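Use these hints to put chain B onto chain A, whose structure you have.
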Amino acid sequence: MPRHEVVSPIPGVFYRRPDPDSDPFATEGQNVGADDTVCLVEVMKSFHQVPAGAAGTVVEFLVENEDVVDAGQVVAIIDGAGDGG
Amino acid sequence: MPIEVRKPGLSTTVQDAGRTGYYDLGIPPSGALDQYSLRAANLLVGNPVGAAALECVYLGPQLVFTEPAVVAVAGAEMAPRVNGEGRPLWESFDVRAGDVLDFGYIKAGARAYLAVSGGIDVPEVLGSRSTYGLGALGGLEGRPLQEGDTLPLGAGDGTAGRSVPEDLRPALGKDNEVRVVMGLYDHRLTEAGRKTFLDTTWTLTPVADRIGFRYKGPALETVEREQPFGAGHDPSNIVDAPYPIGSIQVPGGVEPIILHRDAVSGGGYMMIATVISGDLDVVAQSAPNTRTRFIELDLDAALAARADHRRRVQRLHEALG
Numbered sequence: 001m002p003r004h005e006v007v008s009p010i011p012g013v014f015y016r017r018p019d020p021d022s023d024p025f026a027t028e029g030q031n032v033g034a035d036d037t038v039c040l041v042e043v044m045k046s047f048h049q050v051p052a053g054a055a056g057t058v059v060e061f062l063v064e065n066e067d068v069v070d071a072g073q074v075v076a077i078i079d080g081a082g083d084g085g
Numbered sequence: 001m002p003i004e005v006r007k008p009g010l011s012t013t014v015q016d017a018g019r020t021g022y023y024d025l026g027i028p029p030s031g032a033l034d035q036y037s038l039r040a041a042n043l044l045v046g047n048p049v050g051a052a053a054l055e056c057v058y059l060g061p062q063l064v065f066t067e068p069a070v071v072a073v074a075g076a077e078m079a080p081r082v083n084g085e086g087r088p089l090w091e092s093f094d095v096r097a098g099d100v101l102d103f104g105y106i107k108a109g110a111r112a113y114l115a116v117s118g119g120i121d122v123p124e125v126l127g128s129r130s131t132y133g134l135g136a137l138g139g140l141e142g143r144p145l146q147e148g149d150t151l152p153l154g155a156g157d158g159t160a161g162r163s164v165p166e167d168l169r170p171a172l173g174k175d176n177e178v179r180v181v182m183g184l185y186d187h188r189l190t191e192a193g194r195k196t197f198l199d200t201t202w203t204l205t206p207v208a209d210r211i212g213f214r215y216k217g218p219a220l221e222t223v224e225r226e227q228p229f230g231a232g233h234d235p236s237n238i239v240d241a242p243y244p245i246g247s248i249q250v251p252g253g254v255e256p257i258i259l260h261r262d263a264v265s266g267g268g269y270m271m272i273a274t275v276i277s278g279d280l281d282v283v284a285q286s287a288p289n290t291r292t293r294f295i296e297l298d299l300d301a302a303l304a305a306r307a308d309h310r311r312r313v314q315r316l317h318e319a320l321g
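Those protein sequences? They're chains A and B, same order as listed.
First residue of the first sequence? That's 1 in UniProt numbering, and the numbers climb one at a time after it.
First residue of the second sequence? That's 1 in UniProt numbering, and the numbers climb one at a time after it.
One or more hints might be untrue.
Computed spacing ranges between beta-carbons, pair by pair [stated by the list, open to error]:
(1) 24/A <-> 228/B: 43 to 51 Å
(2) 242/B <-> 7/A: 37 to 45 Å
(3) 165/B <-> 34/A: 41 to 49 Å
(4) 265/B <-> 47/A: 24 to 32 Å
(5) 7/A <-> 85/B: 14 to 22 Å
(6) 6/B <-> 3/A: 27 to 35 Å
(7) 190/B <-> 80/A: 54 to 62 Å
(8) 195/B <-> 66/A: 48 to 56 Å
(9) 268/B <-> 60/A: 28 to 36 Å
(10) 299/B <-> 59/A: 55 to 63 Å
List time: in silico DSBU-like cross-link candidates among lysine-lysine, alpha-carbon distance up to 30 Å [what the hints assert, rightly or not]:
(11) 174/B <-> 45/A
(12) 216/B <-> 45/A
(13) 216/B <-> 174/B
(14) 107/B <-> 45/A
The set of hints was computed from the structure by calculation and includes no laboratory data.
Here the structure is a predicted model, which means the values were calculated and not measured.
Quick reminder that beta carbons are idealized off the backbone N, C-alpha and C, glycines included.
Only chain A is shown next, with the shape it has when bound in the complex (with noise of 0.2 Å):
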């Protein structure tokens, strides 16, 4: 199963959920799309959605809710969904 490295694209503060009040965009077992937001980076007072970028299993979250991550940094792990996945 290949597996695909989330990268977020831009230097910011990171967050797992839409509002603090929502649910998760994802969680480790879930099934995304490949253009499924599965988090948000904060930067310059505006929020980036970073999409899955890969169709497949979210294994594992690599940094903290909140955690200041740098442009290039892996934030999650899918576990790809196998043909071209």
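Then chain B, alone, in the frame of chain A:
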């Protein structure tokens, strides 16, 4: 139109040397936050030093060129690519009609400047092509680029293969020193508050933008006083005063903010120090979590530092002349 915007990047704006002469009316200078890198990029492609270029913050745009041009990228370490193939930073190179220019992830710094031979030829507003986003003024319709925008170019005659010597490229890192002159309101700090300001390694927060750079760290102790007529009740409040570009205000005595080139022109917070002009470029290239120490200079030392900065700019001109 010679450039089509396929992806805008995070916040890509047209910026030049700035819009001087209107700050007293509340319109800030705007322009490239890192003026040195703007200058270098323009010199590399044979433009006047103050020509309009694209300031690309954290995440670069993807652009399609419909005409050949000579381009250069200076500033943040955000490597350009033509049709997916890497190109050097701090060096001019050719793009052909139909080429796609985009950027890799940013590795150091915060803002890359893309200069194109001929300059980005948006209309001048109050003598400048710079974008002032808060005022929806200048640049392309007064806002950052959007997908589907097109950018006009002036006439240029750049040469590929020109590069900035290594020793004239700024060092970018996650630890930096920013030199300041204390005042005008540092008398509002106690000795301990002043010492805290100068002894702390401050951390840049992700809210930093073209208006202000806000830093995390300990609270600064202020001198007790009676609230002056016309000032707010908070100990950090002053009777409203003009804010210099580069001034450092500390609302509530916490989280100092360096005002940069899109700043508001005045207000009621104490400004305890001002960043020397050359080091505004250092601030401009600070990414979130950059650790910063403020170094106090007296006025003579600040003027000497400005003379040094001007000599460095002169050397850049000689190298690319």
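Status of each hint after checking the structure:
| no. | hint | verdict |
| --- | --- | --- |
| 1 | 24/A <-> 228/B: 43 to 51 Å | holds, 49 Å |
| 2 | 242/B <-> 7/A: 37 to 45 Å | holds, 44 Å |
| 3 | 165/B <-> 34/A: 41 to 49 Å | holds, 44 Å |
| 4 | 265/B <-> 47/A: 24 to 32 Å | holds, 29 Å |
| 5 | 7/A <-> 85/B: 14 to 22 Å | holds, 21 Å |
| 6 | 6/B <-> 3/A: 27 to 35 Å | holds, 29 Å |
| 7 | 190/B <-> 80/A: 54 to 62 Å | holds, 59 Å |
| 8 | 195/B <-> 66/A: 48 to 56 Å | violated, 31 Å |
| 9 | 268/B <-> 60/A: 28 to 36 Å | violated, 48 Å |
| 10 | 299/B <-> 59/A: 55 to 63 Å | holds, 58 Å |
| 11 | 174/B <-> 45/A | holds, 21 Å |
| 12 | 216/B <-> 45/A | holds, 16 Å |
| 13 | 216/B <-> 174/B | holds, 15 Å |
| 14 | 107/B <-> 45/A | holds, 21 Å |
Figure legend: structure checked against the earlier numbered hints; hints not met, in rising order: 8, 9.
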